[in-house]
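Asks: Protein sequences appear in the order of chains W and Z. Under the working numbering, the letters of the first sequence match residues 1 to 287, in that order. Under the working numbering, the letters of the second sequence match residues 288 to 628, in that order.
These aren't lab readings, by the way, just hints derived from the structure by calculation. These numbers were taken from a predicted model, which means no experiment stands behind them. Heads up, some of the hints might be wrong.
[As the list claims (entries may be wrong)] Simulated restraints on C-beta separations: (1) Y581(Z) to N279(W): 37 to 43 angstroms; (2) L574(Z) to S129(W): 46 to 52 angstroms; (3) L4(W) to L574(Z): 52 to 58 angstroms; (4) S216(W) to A447(Z): 34 to 40 angstroms; (5) S129(W) to A325(Z): 53 to 59 angstroms; (6) G57(W) to Y581(Z): 34 to 40 angstroms; (7) P278(W) to G498(Z): 24 to 30 angstroms; (8) G220(W) to R450(Z): 35 to 41 angstroms; (9) S212(W) to L594(Z): 33 to 39 angstroms; (10) D89(W) to V303(Z): 36 to 42 angstroms; (11) S428(Z) to T127(W): 33 to 39 angstroms.
Idealized CB from N, CA, C, for every residue including glycine.
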Amino acid sequence: MDFLNAVVQGTLLGGLYALFAAGLSLIFGVMRLVNIAHGDLIVLAAYLGLTTTVVLGVHPLVALIVVVPAMAGIGYVLQRGVLNHTLGDDILPPLLVTFGLSVIIQNALLEGYSADPQKMDAGVLETASVALGPLSLGLLPLLTFAIAVAVIAGLQWTFYRTPLGRAFRATSDNQDIAQLMGLNKRHVFGLAMALALAVTAVAGILLGIRTSFDPSVGGGRLIFGFEAVIIGGLGNLWGTLVGGVILGVAQTLGATINPGWQLLAGHIAFLVILAVRPNGLFPRISG
Amino acid sequence: MNTDIRVSRTSNAAKVAAALGALIVVILIAAPYWAGRADLRLMGEVFLYLALASLWNLLAGYAGLVSVGQQAYVGFGGYMLFALTIFAGLPPLVAIALAGVLGALISIPVAALIFRLRGAYFAIGTWVMAEVFRLVFAQVSALGGGSGTSLPTDIVRSMADDRSAREALSYWLALGAALIVVTAVYLLLRSRKGLALTAIRDNELASASLGIDIWRTKFFVYVVTSGLTAVIGALIFLQKLRISPDAAFSVNDWTAFVIFIVVIGGIGTIEGPIIGTLVFFLLRETLADLGTIYLMVLGLVAIVVMLKAPHGIWGFIRHRFNLQLFPLGYRVVIADHTKGV
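Turn these sequences into a full structure, and let the hints guide you.
Replies: Shown next, in the form of C-alpha cells:
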C-alpha cells in the first residue's frame, strides 16, 4: 500500500519536474543552449509570484496572469540582449554567461528578499484532497500534473502545428538556410526563450505553492529538470514528462525507505539510466 | 639576405619572468617570518584558489571538459582528510597525499559514466555527481552527517605543537601545493600529452585524424585533475579545521569563483589563472563589505569579459605584446628580433 501510494505521489511530483524540464528542453531543442541559470529563473518566477500575490492581494494562480508575461518579456530581452551573443560552436561562452547570470539572480534575490524561506498562500488548494479508493490524492499535485500535461501538449502543438513552431524547427535544423528563407534567427531565438520562460513562470508559481523556497534553491531545480530531460531523451517533450515521472517516483520510493535517501534515489535512478541508455529512453536529437 | 633564423621555445621575457618568479617564490617561502597571522592565512587561501583555478583551467581550457562539479573532489578530499586521520589514525600529511590517490581512483568510474554526456550536458552531469557525493557524505553519521564535524585537537596538535608553527606549516603546504600544481600543468603541457591536448583544444576532428586518442587523453586529464583537486580540498579543510557537506560541496565556493577567476584571467593559458586569482582577491578584499552586491559585480564582470574579451586579461596582454611567460609554443627567432609564429 505504501508502495502504491509512493508511486502515485511520485508520478504527480513528476509533473512538476517535467515543468522544470520543459523550458530547458525547448531551448536546447531550438538553439542548443543549456541554461545554467534555469533553476534560478524558476525561483525568480516564484518570487515574482509572491510579490504579485502580496501587492495585489490575489490568489497565486491568478498571479500567473502577471508573472507569465513578465517572465516571457525577461526571456526575450535576455536572449536578444545577452544570450544571442554567446551562441556558436564553442560551448564555453553560453555556459559561463548563464553561470554568471545564475550568480547574479541568486544574489539579487538575496538582496531583495533576504535568505528567509518564503511560501505562497494558496488557501484551501494546499490541503484539499480527493479520495481515490484507498489513496488520498492532493488537489494541488493533481492540478500540477494536469497543468504539466497541458503545457507539454501545448508546446508539442506549437512546435508541430503552428508557423512559430515551424520557425523553431527550421532554425533548429539549419540556421543559415532559415535565415535565407526570411526568418530572423535572433528574433526566433528570442521568442523561444520567451516561451521557455513563460513555462518557467508556471513551474515557479506551482513550486512556490507546493513548498517553501529561498534564493539558493535554484541549482537543485536545474538539476531535477536536467535529469528529467536526459532520462526522457533530448528533444522529446513527452519523453521529458516520462523522465520527470521516473525521477519523481524514484524520489518518493527512496523517501519511503529512508527520508535521507529521497534526493539520492532520484540521482541514482538518473545515473543508472545514463549508464544503461546514454541517450535517454526516447531520444529525438543527438546531443 | 643572410639573417640568422632559429627556432626557439624560450624568450627573454620568459627568462626574466622565471628569474622574477624564483625571487618571488623565495620571498613567499619566507612569509611566516615577515607576514602577520591574518596575512598568512589570506595568502594561504590565495594559493589554494590559484591551485584550484589552474586545475580547472587545465580541465576546461585545454581538455575542453567544462566541469561545474569539481567541488565533488574538493569535498571528497576534505572528507578523506577527516576520515583517514580520525578513523585510520594516519598523520595529516599522509592523509592528504592518500586523499589525492583516492580522489583519482574514485574519478575513474565517475568519468566512465559522465563522459557519455557531451558539452554543456557534461557540465551539468558533473554537478549531479557532486550532489551525489554531498548527499552520500551527509548520510555518514560517523562524520557528523548533515551538520558536519571538526578535526579533533589531538590530530591538529600532532602536526606541530604551537599555533604559529602550525599556521606556518599550513601556509607552506598551500604554497607548495600551488607551486606543484602550476609546475605540473606547465610540464604536462610541454610534454607529448600536452601537445595532444593543445591539438584537441584547437580542433578535435583534425587531432583525431592524426591518431590522437581523444577519449583517453581527456580521461587522463580528468583523473589527474580530480586527484590533485582532492589534495587541494584536503588542504582547504586542514586550514578550516571543520567540515560539513554544504561547505565541502559548495558549488559557489569551489566552482563558480574558480570559473570566474579563470575566465577573467584568461582561459587556456597558464598565466591566466594566476592573474585571475590576484584580481579575484583584490576585488574580494576591497568589495567584501558589500556582501551580495560584490558577488553580483563578480558575476557581471565575468559575463562582460566572456562577451567582450573571451581570452581574458592575459589573452589581451599576450595579443598586445606577444608575450608568453611560461614558454609552451615554439617561435621563430630572426636575428635579435623575436617574432611569434
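Asks: A separate judgement is required for each hint: does it hold in the structure or not?
Replies: Against the structure, the hints come out as follows:
{"no.": "1", "hint": "Y581(Z) to N279(W): 37 to 43 angstroms", "verdict": "holds, 42 angstroms"}
{"no.": "2", "hint": "L574(Z) to S129(W): 46 to 52 angstroms", "verdict": "holds, 50 angstroms"}
{"no.": "3", "hint": "L4(W) to L574(Z): 52 to 58 angstroms", "verdict": "holds, 55 angstroms"}
{"no.": "4", "hint": "S216(W) to A447(Z): 34 to 40 angstroms", "verdict": "holds, 37 angstroms"}
{"no.": "5", "hint": "S129(W) to A325(Z): 53 to 59 angstroms", "verdict": "holds, 58 angstroms"}
{"no.": "6", "hint": "G57(W) to Y581(Z): 34 to 40 angstroms", "verdict": "holds, 36 angstroms"}
{"no.": "7", "hint": "P278(W) to G498(Z): 24 to 30 angstroms", "verdict": "holds, 26 angstroms"}
{"no.": "8", "hint": "G220(W) to R450(Z): 35 to 41 angstroms", "verdict": "holds, 39 angstroms"}
{"no.": "9", "hint": "S212(W) to L594(Z): 33 to 39 angstroms", "verdict": "holds, 36 angstroms"}
{"no.": "10", "hint": "D89(W) to V303(Z): 36 to 42 angstroms", "verdict": "holds, 37 angstroms"}
{"no.": "11", "hint": "S428(Z) to T127(W): 33 to 39 angstroms", "verdict": "holds, 34 angstroms"}
Hint compliance for this structure: every hint is met.
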